[in-house]
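All chains, please: the whole structure from these sequences, using the hints.
Residue numbers (my numbering), protein chains in the order written: chain A, 16 to 122; chain B, 7 to 129.
Derived by calculation from the structure, the hints in this document are not laboratory data.
In silico lysine-lysine, PhoX-like type, Cα no more than 25 Å apart, as pairs:
1. Lys60(A) with Lys49(B)
2. Lys64(B) with Lys60(A)
3. Lys64(B) with Lys49(B)
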Amino acid sequence: DIQMTQSPSSVSASVGDRVTITCRASLGSVTWLVWYQQRPGKAPKFLMSSASGSQSGVPSRFSASASGTEFILTISSLQPEDFATYYCQQADRLPLTFGGGTEVELK
Amino acid sequence: EVQLVESGGGLVQRGGSLRLSCAASGFSFSSYWMHWVRQTPGKGLEWVANIKQNGDEKHYVESVKGRFIISRDNAQNSLFLQMNSVRAEDTAVYYCARDPGDNGDGWYYFDNWGQGTLVSVSS
Chain A
16 DIQMTQSPSS VSASVGDRVT ITCRASLGSV TWLVWYQQRP GKAPKFLMSS ASGSQSGVPS
76 RFSASASGTE FILTISSLQP EDFATYYCQQ ADRLPLTFGG GTEVELK
Chain B
7 EVQLVESGGG LVQRGGSLRL SCAASGFSFS SYWMHWVRQT PGKGLEWVAN IKQNGDEKHY
67 VESVKGRFII SRDNAQNSLF LQMNSVRAED TAVYYCARDP GDNGDGWYYF DNWGQGTLVS
127 VSS
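What follows is the structure, given as structure tokens:
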């Protein structure tokens with residue numbers, strides 16, 4: 016199975032801060048990775064894939080990219096509604112696997 | 007608007023059975039692969055199973071193979087998960103999720119999720 020390692024596991028930030036979340040796959044050939052946002056008590060919500068870099072309906076402050084075996088989700092200017100937990104997921108092969116999550120909390 | 011509504015969760019004894027349902031609306035259910043994903047505080051998110059549009063292809067995570075059965079009824083726009091021989095480690099919130107692939111192949115991610123149903127396994 017492909018193991019997904021997400022970092023950091025949590026980050027404390029303020030409104031307006033830039034936040035970067037990284038995801039690495041145990042298998043270097045993973046090419047298809049997606050990101051989800053989960054607010055407390057709610058289901059995860061699809062944000063975007065690393066291939067698209069952005070997603071209709073998702074604020075432009077969110078962007079996704081890839082560099083080698085590293086996948087990155089960036090929030091350029093944190094807003095109050097962005098305080099949540101973010102998960103990556105590899106979509107290359109079964110079994111589909113998730114990162115452990117990054118909790119973005121208010122500093 | 008896509009809606010996925012799970013039901014059937016609850017308390018079940020170890021070794022027992024439970025059947026989860028997911029009622030889909032707002033899209034052409036029979037055109038999409040569907041998945042079950044579960045979440046526990048300790049293990050985070052875990053993909054459980056998926057099923058092709060016509061039900062003739064199914065896949066499972068290793069830990070549930072031989073115990074869980076995913077199925078669907080396209081006439082009723084419903085997805086199911088039959089859970090047998092449940093274990094303590096099956097305790098989780100179970101989500102029904104749609105795969106965005108609608109042309110035959112699954113895209114292996116989830117563009118819409120239900121609100122989840124909690125399954126608790128007691129010893």
